[in-house]
Structure formats: C-alpha cells, structure tokens
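Visitor: Residue-level listing of the chains:
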Amino acid sequence: MAEHPKAREWEEKVLKKSLHRFPERKEKFTHHGGEEVPRVACPESIDAPYVEKLGFPGQYPFTRGVQPTMYRGRFWTMRQYAGFSNAAESNKRYRYLLEHGTTGLSVAFDLPTQIGYDSDDPMSVGEVGKVGVAIDSLADMEVLFDRIPLDTVSTSMTINASASVLLAMYVAVAEKQGVPGEKIQGTIQNDILKEYVARGTYIFPPRPSLRIITDIFQWCSKHTPAFNTISISGYHIREAGSTAVQEVAFTLANGIAYVQAALDAGMELDSFARRLSFFFNASSDLLEEVAKFRAARRLWARIMKERFSAAKPSSMMLRFHTQTAGNTLTAQQIDNNVVRVTLQALAAVLGGTQSLHTNSRDEALALPTEDSVRTALRTQQVIAYESGVGDSVDPLAGSYFIEQLTDGIEAQASELIDTIDRAGGVVAAIEDGFVQRQIENSAYDYQQEIERGERVVVGVNQFQTDEKVRPPLLRIDPEVERAQVQRLKALRESRDNGQVQAALAKLGEAARSEANLMPAILEAVRSYATLGEICRVMRDAFGEFRDAG
Amino acid sequence: MAGRSRKYRVLIGKPGLDGHDRGAKILARALRDAGFEAVYTGIRRTADEIAAAAVQEDVSAVGLSSLSGAHLRLFPAVVEALKQRGAGDIPVLGGGVIPDEDLAALKQAGIVEVYTPGTPLAQVVEAFENACDRHQKGRSGK
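Which chain is which? The protein sequence lines are A and B, in order. Position one of the first sequence corresponds to residue 5 (this note's numbering), numbered consecutively onward. Position one of the second sequence corresponds to residue 122 (this note's numbering), numbered consecutively onward.
The following block holds chain B by itself, in its conformation from the complex:
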C-alpha cells in the first residue's frame, strides 16, 4: 500500500433492508487507515441510491455488504444501476453471509470479488487496491 501515487476514493454501500453494518463500518475504517478515501452510505439504501452516490463521489470501486441473504438480487441490481448511469466500469465487490455456491452466480453478474466471514481485512483492502488500479488503468487507456 505504501508508495501509492494517488489516493483512491471508494464507496461502501448497504443495499436492501439489512441493518447489520459492523462489517461495512470496520471495512470503511480499515480502508481509510490504508490511505483510501472511503465513503459509507449508511444502511437501507436502494441499488439506485448506491449507484447515484458512486457516480456523484466519482469512486474507483464500490463495496457492497449484505447479511440477510438477499445478495443474489441486490448485488446484481447495483451493477445494473451503475450501467444505467453510464458507470458500468466501476468495479463492484461484495461481502457478507454468502454461501460458496452463490459465488459463481455473483461473478457472472459482474461482482469482481466476494468475501465471506473470517477473511483477513488486509486481503480485502488489497482487493480494493487492485480493483482501483485496474479501474484507473482502464480509464486512462480510453
């Protein structure tokens, strides 16, 4: 993480009605500690509200958290809402109580990484770093 030339801005979002945001808040803070500018939406946001915030804040990646089992509906909806707003290039990462067997469907729907309970924070932070790097390269290549 050291020696990064630019400070990335990321959004952590809580789609749907799930109020468990201990993980989302810890991750936002860990990202800040690692030098990111991390914006947290607060709980109970619609897919469109999250996409709008991502565009408005001009973020390089979006992280989504759901612990209520609604991830198969909600995460792809955010990817879709980003596309609708012409921001389909912003990578979306996900986390929460998510069974292994759902990983394929989520990746298929455009979620680049999915993390489940017990993942070291450093690993998630690194994934954000990589996703932001790729997003940055993609943009400068255009």
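So that you can see chain A by itself, here it is in the shape it has in the complex:
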C-alpha cells in the first residue's frame, strides 16, 4: 500500500502523528490464529479517482472516516440517551450507566423543559417528567449532576429552543463544582430548524431562533471551546418518515443555514466550524445506511471546502452521533427489537460514527426499563469487543455495491440541496412547507407499502404470534408532577425575587438589542430565575411560532 506517493504521504504525515498522539488499543490486531487484521485495506494500485473519492481516513474528503485509525484507537462513545421524572431519579440512572461502562451522558428533558414552560404552567399538565427529566431552575440542574464530575464526563443535552438556558445552567453547575468553562465537554442539540419540520419543540419563529443560535456559537467559542455548540440532526427528519437521501440533504441544508447565519453575524468560519456536530439515524437497510454515512461525510467536506472556502481540515470533518431508528421498533414480539437494534448499530459502526445510542426493545410501548437499557448497551459492547468490525478502518470500502450507493446518495442529496438553494434556502423552504411535504410524502408511501404487504415487518404484518405475556413496563408516577410543582413553589419562596426580577429585566433589554444573550441568561440562571420565566421574557421579545397543521 505504501507504494503510491499519496499513500506514503498519508502514512508519514497523518498516520504517524496520530499514532504518536493516540496509540491504538492493541499492539497487534489479529484473527483467531494470529493472522493480522489490516489497519486500512486499500486497492492494489491507488489511482487518482480513488484519492479523490475515498482518500485515506482522517483526510479530505473523509469518506473513510474522520480519524486515521478510527476504532483501532478508541471505540465510539457509547452514549445512552436517558432521563426521566425528576432530577434525583435521573441522576441515579446516570450514575448507574457510568458504573456499567457508558462513556458519555445524554440527557433527555421532558417536553415542558424543551419548550420553555415551568412544571406548574397550565401547558405542562400531564407532561411533567414524562419523556425526560423536568428541569425548572438551576436548583434542579445541581441535583441532576450531583457527584458527576463535569471535568471528565462529557454530556450531550437534547435541547433546542431552550438550549441557551440549559447550557447556562450546565455552565453554572460546573462553576459550582470548580470546573471552568474551558474544561466542560459535551454537546447541546441546539438545532432549531429541524424542529419546524419534525419533532416540534420550537418556541420562537425561525429568524429570532437563528439569532439565539449564533449568540450561542459566539459565546461558546470564547468561554466553552471544547463544547459542541450544535448537533445538526437528521435523526428526527428520518423518524418523521424521510428517505435516507432526504435525511442527508435536509440535514446538510440546515447545516449550511447555520454556517451562513454565523458568517453573517461576523464570525470567522474556522473559529466555529470544528464545533459543529451532526446526528443521524441508523435504520434497518444496513448497506444503504453505511453508504449514507460515508456519503454525508464526503458531501459535507465538499460543501465546507468549496462553498464556504474552509481552510482547516477540522472545519470540513463531519463528526456525528447516531441513534438506532425508534420508528422501526414494534410493539409486537418486542425481543425482535434487540435484533433490529443490532443491525442498525452495526450500520452506524461500519459507517464510522463517533458516538452511538442503541434503543431499548420496549420503547414502542413505554420508556425503557433498566433491564432493557442494559441489553441495549450490551449490544454495543458485543459489537465493539466481540465482532471485530472495529479492528479495520472503513472495512466495506471498495465494495462495488457500497461505493455505487455512496456515490448515488451523495449525488441525489446534492441535487436536493440545489433545489432548496433555488427556492431561496432552507428557511424559506421550511416556511413554504416544501421540506415538510417531502417528508410527509415519503412517510405515507412507506406506510402504504406496509399496508399492502410489500414491505414486511416481522411480527406485525407477517409472522404474527398470539402474545399472552405482557412485558414489565416503566411507569412514571403522576406524583412526580405534583412533587415537582411543590419543589418549584418552594424555590420561588426562598430565592431573592428582587435579584430575579432585575436579571429578567436585563435579559429583556438584551433581547431587544443586538447584544449577545448569553451573559444575561447566565445571570438570570444564577439568580435562580426559572426556565419558564426566562423563556417568557424571550417569548415577549421574539413572539411564538405556531404549527398550521
């Protein structure tokens, strides 16, 4: 392999440096019997088209992965999305996951928290603590991360419209632990555009939302340089029913809008581009999914280089988290879901993901039980430690099938992005409903295929069995809501309300000016102003978005 000058250049310049900084997991990777596993299998003769389309891992266009040694250096981060009921219970679950070998936290917030309502808001009735943890103020956040060292644990937070507030709370908790902003690691989802087309946790209209996002980019580039300021998400677009091509196209189109917004706000590309991260779905069409991840990586690298003239390789790297496809889980014969998740997780790993959440088998019925969550985590561990697929970088490269599919997805997604550009960009395409219609049509077609029996869903439209035994399900006690409301009431009585009002007034001024919002939000958070109070001030300043149906 080292014969071609490009290959030798990669070995000398990229690989050696990387091996020096990040040694591999083992001195030698072998099959049973001692045969060595190649680090990066390459064609016998490396020609120009190979270098242009695939290249070497850790090098533009990153088709083969963003790091030179990928999982030979370190496995992907096994990051299980969790959080339910109140902060104390969620804290217990996080410490349980950390004890069982999870390597990064991923916080699920309940819907009121995601939409900026306090637990005692009339809009929150019935939803408190249901799909995640309820956080009303810094006091709850302190409990959530109790005895979890924020200088070593990286935390991903699925929070969008209210991301600025939750990030401020996280920074404030870290401060209390004595951990400076420079040391905290993690990700906020902060991807509002996909909320208008899927998922639905928007608060403000698109344009003020983009301002908040660029404020976060700017503030974080100075104060929390190791924190990923956005996770541009195709996951929910796919869950809403899009195809793989649409998932790539709409996600990267949203990415383009965020980059443009930051540039328009005067930021320098290479100062924020390396902190952009992505989040994709891993569905059941295994080979298509592998090709999708590879195509997304190459397409984003080209967009960053050609459209935005990025100079640094790190600005062109598409780093991504993956979650297995929740919509493929069935309520019938739930053990089959473990198999589905295994296939999907394998696709993510073969596609070069940086972190992975595996769904639990009972999620078509309720929030997962502890037992199901453990099996989901074990699934990743079996792939990592037993399957050997992580011992060679991008092992499916060079398969005619995979490469054709990768080229095809890249070309089709690129075409769809061109269509969006011609429609005036993705914000206009969302406001016009173009993106939503595309997704709805794909979802409906898919469902029709199932209804007609052309698409088989095992245990649902074929191979059904009569199930008598009901699995044990996790229930959220309605008491959680009452207790959280009480806790909030106590907070409002015990804090310095004069200080809260002053901080909120300042935030209102900042929202109406061009000032960066983050300092004012941080001050409000530190005064124990609630999430709902802070978002109310911003609602008054920015207005609210409403789904037309």
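These are calculated hints, taken from the structure and not from any lab test. Check each hint, because a few of them may be wrong.
[As the list claims (entries may be wrong)] Far from chain B, some chain A residues (derived; all Cβ distances over 10 Å):
id: 1; residue: V18
id: 2; residue: T81
id: 3; residue: G182
id: 4; residue: D268
id: 5; residue: F467
[Claimed, not checked] Over the 10 Å line for every Cβ pair with chain A, so calculated as not near, a few chain B residues:
id: 6; residue: K146
id: 7; residue: E158
id: 8; residue: T167
id: 9; residue: V176
id: 10; residue: Q177
id: 11; residue: Q205
id: 12; residue: G207
id: 13; residue: Q229
id: 14; residue: E250
id: 15; residue: G259
[As the list claims (entries may be wrong)] If you want a taste of the chain A side facing chain B, the calculated C-beta under 10 Å gives, among others:
id: 16; residue: G245
id: 17; residue: R474
id: 18; residue: G553
Cβ atoms here follow ideal geometry from the backbone N, Cα and C, with glycine treated the same way.
Add chain B to chain A, keeping to what the hints say.
Guide: Below, chain B without anything else, positioned relative to chain A:
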C-alpha cells in the same frame, strides 16, 4: 367504504406538547383517501382548542394522538372539553404509545377505541367509519 351515502368530516388532534405527528398525519391522509374530510389540528394544541375546532368544523368523530405518555391526562381532558361545549356526543378515538394496561382507564373516561403501534390503517379507518355511523344515527334519532 364504498357506497357510503355521505362524506363524514373528522378531526385529528394532537393534544399536549408532543411533536411526533407522523402517525397523525398518515392517518389524516388515509382517511382522506378513504373518502373522509379529515382536518388536522397541527401539534401542541390544548384540550379546549381541540374541542373548539371539533365543534366549529362540525365533525362526526375526533381522533387523538399522543406519544409522550401523557394520554391518561390529555385524552379524558378532550372528552371533558367537548362536553363543556355541549358536544359530548362526538366520539373520541385515541392512538399512540399507550400501554395495554391503560386501555381500561381510557375507555372508562369515554375514549371509544384506542390503537397502538402496528395496527393496520384499514382497521383504524373502519373504526372511524363505525364511530361516525353511530354518531350520525344518534343525531338523527334525537
């Protein structure tokens, strides 16, 4: 479905804060394909907004969807809001991520049918057909 004398009008509503409306949208479209006039509220509606829309649109049935686990609070609230508006005779159907053990409580609260993931669309469409038929008969009998 063929040979129906009248075009029924139905409302599909998303109560609460849950934004997962793939199912709600697919069902609304399947109902339209089956000859219904199906109005979809959009996400994040209060129980009262849904009841008001049902009355205003003069629908023969309401379908509710929730995937966030809030169904035990939200579905009965819509039934209640319909009664408040003097439209307690409009049948309410529900669907979403709903454990079997909640079915009894929902029926008790006046939800006529509940459908969970994996139910064939044709079965849900037929349930709407039947609910609308009964509603129609009830009205003409008054």
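Visitor: With reference to the structure, classify each hint as holding or not holding.
Guide: Here is what the structure says about each hint:
1. V18: Given a closest Cβ separation of 43 Å, the condition holds.
2. T81: With a cut-off of 10 Å, A/T81 remains clear of chain B, as the shortest Cβ separation is near 26 Å.
3. G182: Label holds. Min Cβ-Cβ 36 Å, cutoff 10 Å.
4. D268: holds (28 Å)
5. F467: holds (12 Å)
6. K146: violated (6 Å)
7. E158: holds (14 Å)
8. T167: Non-interface label fails for B/T167: nearest chain A Cβ at 7 Å, not farther than 10 Å.
9. V176: At about 17 Å from chain A, B/V176 clears the 10 Å cut-off, so the statement holds.
10. Q177: holds (14 Å)
11. Q205: The claim stands: B/Q205 keeps its Cβ more than 10 Å from every Cβ of chain A (closest is about 16 Å).
12. G207: holds (23 Å)
13. Q229: holds (16 Å)
14. E250: holds (16 Å)
15. G259: holds (28 Å)
16. G245: Holds, because the Cβ-Cβ distance from A/G245 to chain B comes to roughly 5 Å (cut-off 10 Å).
17. R474: Holds, about 6 Å.
18. G553: Given a least distance of 3 Å, the restraint on A/G553 holds.
Against the hints set out earlier in the document, violations occur for numbers 6 and 8.
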